[in-house]
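Can you make the complete structure from the sequences, with help from the hints?
Counting from 13, one number per residue, gives the positions in the sequence shown under my numbering.
Read the hints as simulated data drawn from the structure, not as lab findings.
Note that CB positions come from ideal geometry on N, CA and C, so glycine has one too.
Please note that a few of the clues may not be correct.
[Said to hold, decoys possible] Pairwise CB distance ranges (calculated): (1) E102 - P278: 40 to 48 angstroms; (2) V263 - D348: 47 to 55 angstroms; (3) G222 - V401: 50 to 58 angstroms; (4) P179 - E137: 37 to 45 angstroms; (5) E213 - P288: 40 to 48 angstroms; (6) Y151 - R331: 55 to 63 angstroms; (7) A366 - G388: 20 to 28 angstroms; (8) V395 - W346: 23 to 31 angstroms.
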Amino acid sequence: MPEPAALAAGYRGIVLDLDGVVYLGDEVVPAAPAALEGVRGLGVRLAFVTNNSFRPSQRVAEKLGRLGVKAAVEEVLTSANATVRLLGGEDGLDGTKVLVVGGPGLRQALEDAGARLLDAAAWREAEVVAVGFDPDLTYDRVRAAALAIRAGARFVGSNPDTTLPTPEGFWPGAGATLAMLRAATGVPPEVAGKPERALFETAAAAIGPGPYLMVGDRADTDLDGAHRLGWATALVLSGVVTAADLPDLTVAPDHLLADVGGLLDPPGPVIRRAAPADAQAVATLLADRQEPQATHDPATTLVATDGARVVGAVAWRRRGELAVITGPVVEGRWRDRLVGTRLLVAACVAARGAGLRRVAAPGHGFLARLGFRPPGPEGPDGVLVRDLV
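Pasting the structure below:
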């Protein structure tokens with residue numbers, strides 16, 4: 013019997029966020045170099061994207077190379093490149109007078125596209141104010157930007173991230189500067205970076221035709237933006253989002269991976285709402301986790317399917333303001349592949365969509381990793397509960 017195809021083989025292009033996916037600060041994610049080389053070996057094209065506009069693409073590619081990850085400069089797209097696209101590329105920027113509040117990456121991308129960069133003192137001439145992460149931010153720059161925006165300059169931000177993680181903690185990010193300027197001018201910025209579409213479109217243009225898979229470690233930027241464009245999504249647990257955060261997702265990712273090494277594994281089962289024809293399989297899987305003679309409403313039952321076969325199931329029912337979960341149960345060969353976690357997350361997403369904000373489930377060992385806790389001295393034994401943010 014032939015080996016199942018790798019997950020990555022189902023896509024023409026894979027777009028990867030960087031920090032939390034390919035590297036963590038200055039350390040490579042151990043699985044990344046071999047996994048991404050393996051993906052290239054499948055004939056799948058790669059693009060690396062980051063919301064940070066401070067470093068030029070060349071420097072980001074050099075960092076990847078030092079970490080053992082091959083990346084051509086044209087495969088590295090930052091929110092500075094997306095800002096250029098949002099402003100119309102070379103055709104839209106040639107000769108345009110731009111006041112930049114940002115670092116060398118944003119300045120270089122705009123200048124390479126033909127923009128004429130202004131000093132703060134020349135704010136009256138500005139046609140565009142472009143804002144990115146600027147660790148050398150001064151009041152003079154902010155003042156000039158605010159005056160230019162109030163005078164009618166187009167207000168564009170490279171990315172909306174309000175914080176930037178560093179070894180000493182979180183610094184104010186580009187989004188914090190955007191918020192200050194919006195407060196000072198009353199003008200909302202146009203944003204190029206994730207989750208807005210310009211950075212995704214920039215990556216797609218570099219890769220060529222899809223289908224595309226977006227691989228990220230943040231649901232609110234990486235996955236939300238890709239979902240809006242109809243791309244498939246994979247969430248990795250090597251970065252910002254941990255297992256304990258998963259039940260708070262508002263949309264379940266298409267794939268859940270421990271890290272990018274999972275791109276070379278066969279894709280997991282499909283999670284979907286149960287159909288009436290699944291009733292016997294669901295009853296068999298959940299037999300040891302339910303009350304005798306219990307039946308499950310297909311509308312509140314989810315199954316994991318491998319082809320036509322049901323290999324996992326979870327069900328939930330409303331009890332007042334609480335969603336009571338039965339399962340999840342997964343066939344043996346699919347255990348340790350995060351299938352049970354995906355089923356439980358999908359159940360939490362469905363319960364939240366029904367207006368519920370608390371879930372309860374039998375005390376399986378893995379629930380503690382998902383943020384479930386005992387309900388307290390008055391609660392029933394053997395049950396764990398969790399509030400949904």
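Okay, the hints, checked on the actual structure:
Separated by about 43 angstroms at the C-beta atoms, E102 and P278 satisfy the suggested range of 40 to 48 angstroms. Checked against the hint of 47 to 55 angstroms, the C-beta distance between V263 and D348 comes to roughly 25 angstroms, which is inconsistent with it. A hinted range of 50 to 58 angstroms for the beta carbons of G222 and V401 is inconsistent with their spacing of about 32 angstroms. Against the hinted window of 37 to 45 angstroms, the Cβ-Cβ separation of P179 and E137 comes to about 40 angstroms, which satisfies the hint.
Between E213 and P288 the CB atoms are about 41 angstroms apart, so this pair conforms to the stated range of 40 to 48 angstroms. With their beta carbons about 56 angstroms apart, Y151 and R331 fall inside the hinted range of 55 to 63 angstroms. Distance hint for A366 and G388: a CB-CB separation of about 24 angstroms, consistent with the stated range 20 to 28 angstroms. V395 and W346 have their C-beta atoms about 25 angstroms apart, which keeps the hinted 23 to 31 angstroms range intact.
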